[in-house]
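There are 2 protein chains.
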Amino acid sequence: MQDPAPARAMKAEKLRGIIRVAHRLAALFAPRSIAMIGATDKSFWSQEIFRNFAVCGFPGKVFMVNKRGTPAHGQPGYASCRDIGEKIDAGYIFVPLEAVFDAVEDAAAAGINFLSVLTSGFAETDAAGKQLQAELLTFANARGVTIFGPNSLGFVNLTASTPLSAIRIMPPVLPPSIAVVSQSGASAVDLYDFAQQQNIGISFIAATGNEGQIDLADIIDYLVDEPSTKAIAVFAETIRDAQKFATAAEHARKIKKPIVILKIGRGALSAQVALAHTGSLVGDDKVFAAACRRYGVIRVASAEDLILTAGLLAQTGFLRRPGIGVVSLSGGASTLVADMAEEMGVVLPPLAPATIAALREFMPQYGSTLNPLDITGAALRDTSLFTKSIRAVAADENVGLVAMCFTPPNNIHQTIDTALPGVGEGARGLTKPVVIVTTLLKNSNDYARGKITEHGLPFVIGGLDHAMRAIGKVSWWSGELGKSAPPLHVKGATNGRHPVTERETLDYLAEFGIPVIPASIVTSGEAAAAAAAALGGTVALKIASPDIAHKTEVGGVRLGLSGAAVAAAFEDIMASVAAKAPDARLEGVIVSPMRAGGLELFAGTAQDPIWGPVIAIGLGGVWVEALNDTATSLLPVSAPEVVAMLKTLRGAKLLQGFRGAPPADLNAIAEIIVQIGNAALALGPGLASLEINPLWVSGAKIEALDALAVWAEPAVNQE
Amino acid sequence: MQDPAPARAMKAEKLRGIIRVAHRLAALFAPRSIAMIGATDKSFWSQEIFRNFAVCGFPGKVFMVNKRGTPAHGQPGYASCRDIGEKIDAGYIFVPLEAVFDAVEDAAAAGINFLSVLTSGFAETDAAGKQLQAELLTFANARGVTIFGPNSLGFVNLTASTPLSAIRIMPPVLPPSIAVVSQSGASAVDLYDFAQQQNIGISFIAATGNEGQIDLADIIDYLVDEPSTKAIAVFAETIRDAQKFATAAEHARKIKKPIVILKIGRGALSAQVALAHTGSLVGDDKVFAAACRRYGVIRVASAEDLILTAGLLAQTGFLRRPGIGVVSLSGGASTLVADMAEEMGVVLPPLAPATIAALREFMPQYGSTLNPLDITGAALRDTSLFTKSIRAVAADENVGLVAMCFTPPNNIHQTIDTALPGVGEGARGLTKPVVIVTTLLKNSNDYARGKITEHGLPFVIGGLDHAMRAIGKVSWWSGELGKSAPPLHVKGATNGRHPVTERETLDYLAEFGIPVIPASIVTSGEAAAAAAAALGGTVALKIASPDIAHKTEVGGVRLGLSGAAVAAAFEDIMASVAAKAPDARLEGVIVSPMRAGGLELFAGTAQDPIWGPVIAIGLGGVWVEALNDTATSLLPVSAPEVVAMLKTLRGAKLLQGFRGAPPADLNAIAEIIVQIGNAALALGPGLASLEINPLWVSGAKIEALDALAVWAEPAVNQE
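Protein chains in written order, with our numbering: chain D, 141 to 859; chain A, 141 to 859.
Bear in mind the hints are in silico, worked out from the structure with no lab data behind them. Don't take each hint at face value.
Said to hold, decoys possible - Keeping only pairs whose Cα atoms sit at most 25 Å apart, straight-line, the calculated BS3-like set for lysine-lysine is:
(1) D:841 - D:793
(2) A:396 - D:787
(3) D:270 - D:396
(4) D:691 - D:623
(5) D:793 - A:182
(6) D:793 - A:793
(7) A:182 - D:591
(8) D:691 - A:793
(9) D:793 - A:396
(10) A:793 - A:426
(11) D:384 - D:270
(12) A:787 - D:793
(13) A:623 - A:396
(14) A:793 - D:426
(15) A:793 - A:720
(16) D:182 - D:207
Go ahead and model the full structure; you've got the sequences and the hints to work with.
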């Protein structure tokens, strides 16, 4: 009989369009008959691969295939897949390189349409290896075979008890919770070990190897709809297909399945964006961070955080409120939690008066009702303190998750026996998640694990820094769930425009409603003086040339001029530029009014080779280069996103109105930045960078004072 | 027969004055007969305390004392210490609060002169508890008894096999390596557990409780000379006696014994320093960080890092070169190491050509000879690759430590059996330390631990982020060993001066050779104009008042004035100040020349309640408040320290000469900052803060443009 509640839920989800048809990889990832191609008792790999079937409790058939048909691992041997004589769903190939093509041929002939390939010597080596891999894929596909790898430790679908992998699975197989997808094989093994030690069950694990045909994003896409996977942990070296990754991430957000990613290679700068200042400020890593923010993907910086954060999310799901209520037994731990929360931006809201009143009913006199709450070691003698304090804090309207800081001692069963039921009783039946946080990171303790299962206890996570960081991520992710992202704009259309110089670029920006400074181009000192007089007040003079990007460095800028100084400055500029940039084409000198007071911002776009057009904003002038104080977003960007970006700047305080200066109108700035992004997108992918520096701000008065468009050379992708 | 080598070394150390006489606590910490006062089979604490004697292999006698003389833990019971009838070295008291005084009385009468007290209810509770604790100490000391605690889990001297503690010691007792001193009892237990799991032996562990008589610094001081302790790990909530801590730390540095500290409560600001801007910028935590830097104490931010860093240092000792050579089996791990090294400032020098040539002899073709070096998974098949690559990298002249990134698999004994000997062979006999770094943090594996001991293998540390951070600390500490610190200047002498206003303060600074801006005080618009004319060029006008610290906020500053504007500005200022600060005493208006170009720095001193006079420096103007970009040092400060501080500023690039501006003369700035510090010290402890803002810098031209002295009110400590 079907359980009506899940059926109703499924119907509702279908109505909302959330459930998709079965994923194309679902059948491939759950084979029921498998050939081990290269099986031999002598091989370490063969032993490792074979033992996984028993550990996982594989319900299907496994066949040993090797050149001579020798029995292996106590099973009969076959000289070819064709010899097996029955339908085989998948094969794992670990024969020597020179035998791979023959093995594929044989498997295909036997009707196998999915092969995982452990054998290395392909694209991971050199150009010849790349070529060989391409040939292998063509060869296999022509025979109707899909390849996983090559050079891959394979995958284990623990939900289906199906290992096709040399990643050693260890008993006990824990209830499935998170999936692990890794581009590094060695790291996949380490991540699995660590998850197991932390009592975090794995639903699916894959080392994607060379990703000839099936990449990280394909597997993420499959896992998003895989119901036993509650969170997806990704170890990435590169995102090969941003569009596919973004689509999977957006779908994951829609159905509230968290993706946590550790991406390595954070320090590298993209060569493509070195063309202009913008490029050197944006950098690859800031763009990836921006992509993660946009798609609600949780980013972490260490392998421990990857597993622990995913493990935590799998248990908590999303929080209905961002605040974290912390209950602790020790002043030391409380203080350390407060330190870490502050450093990591985790919100520990003060407890509400009603909560404090409830706590006062039973709290020891010397405890504290701050958040973190210190119920003192008295809880070890009166374990009802655990129960009552967890329930009181969970009832607080500002709390979305309760973190119970308590370290079940390693070998003191007495404490475990008395304390854990108190914690479990506190958490039971609550609608808000409770987690147990240990002071230091340690392995799951078998005795404690048993008790945790026995009492249906919350997830245990440690140490404090890993836990607080992970909790902060859960809180952040929960706040991202309502959002949706515009499509990736890798190749924008072009409006056919091609501005280059300051004046052309400012005029172009004006068409997008961006306020730009008035200016005239003059070619003599007299004309400069006349233009200045017409503007009134003091003026700035700047060289106008399509060949000079950095005008200050060639003596091409003079500021704060009035009266006779204007004509003199014109001559100075022309002389200086003639000396320092003798080959530059000169259009004259731009005369503009000076803007006094206010702040100078900077906005610059770039083309990221993976994610497409991006924008960086920051405090302008020399500060952008001296402090590298920028915030980055994919384009197009929305006004609320820009406001959030502005608030992340180190110098954000300056925007609030400093020492009597008017506060900058963040919404007005945001609208203009959005338009700068749109103006850049409309120039198409041939634009390398559009830079507005400075973007002058005084309260709600905002004006682009200088601008520069840099085009890719040779101009490419301009359809 | 005495081993001649240690004897010679000891003689040499004596000559250098390094070895001190036996520490006053040494005898107390190694008792040979112990009374458990409060012993009873029913008590959890009593059970815990008793079991430690067997686990530690305590070679002396333990006596059970309780009110009724009941036997406990299978031992005979005594109704009092006096009843025991033989000499007892120490007692551990865990009787109820109301029985503590009687217990001390009895113990003293039995000739016990050292008592550890677990019983709580003293200073950790309230004012009455504080009073009771003071009475207890007086009571005990009058009877010749020294108290450890109260409210303390006690100490275990594992080197002497002496536990006087409720911290559960677990078998096997590992060879001693690090000492742990904690002000938090719960944390002491957690730290011990973690060290044990990480295969790091403990020489001594103490939870200092209320520190009535023996505090953190006393124990550190004892441990510095304790020979089985190779590194000291400290978990601190507060430093009660900075002088004592500093003395112990300075001695530790002299004999090259590392101290690693986790100090909690990093976010709190001292109320005392809120008087002036300086205060709010300095903050407690920056001062503690400065104290650690000054005394070569290693500071960490998590409990895991505390133990792992101390454990690593205990094995490596100091490095003769700061560079780290990394050997890895996987591109993924290499990249992650590079990311982390960059983020943590760990120096991974490029390998020398000779090293690369040596590596090329045996490296797999597809490996990389960068640092991190990637020898690939081929090392698992040919384990001589471990040996050869470790030796080649260790031979590199820029490398001080070799980090072998390799994760001994948890349950694959075959890999452990083949790989670890190759690593061990590589490290054997090298003068440079080698450590094994695992990708993730995991518990010591019993099988691997056995093999590690069998092969005399290097220390194993993980995961990558903990390890790289710890390695960076070893490198930093090694560079601090040659240095020595001036004495702590908690109470400086005073030269009797008492400057308050801008002009008085600038004149006072000039006496220390600090260049100050010329200025005259005027009391009329006419006089202002005349003063401006005498100075030539544009001038600044600023209100002169002993009552106005923030002149801008009351409209008391006008800049860039010339001609008729000067007299007008005088009137504006007087009118604005009269309106906004009607009660302020006004001395007139200061007329000073304007300084164009260059940079504005900031320097401000403060009195830290624990560490005494400190100085903060940073970029001046609004930036100091907007960015909080300051560097802090204890006073007096040396010129090289100031240069190092300037280089840590976020805006340090501006000092290098930006966009054609001349580079600032860091040495000249440093000499002036040193003198600012000296000028503050000479004003004595009554000075709350001496602030120079801005300190104008243009190349080698440096000038104090404004200054302010703030005095503590009421002026205290002015002898």
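Return the numbers of the hints above that this structure violates; sort them in rising order.
Those not satisfied are hints 2, 3, 4, 5, 9, 15.
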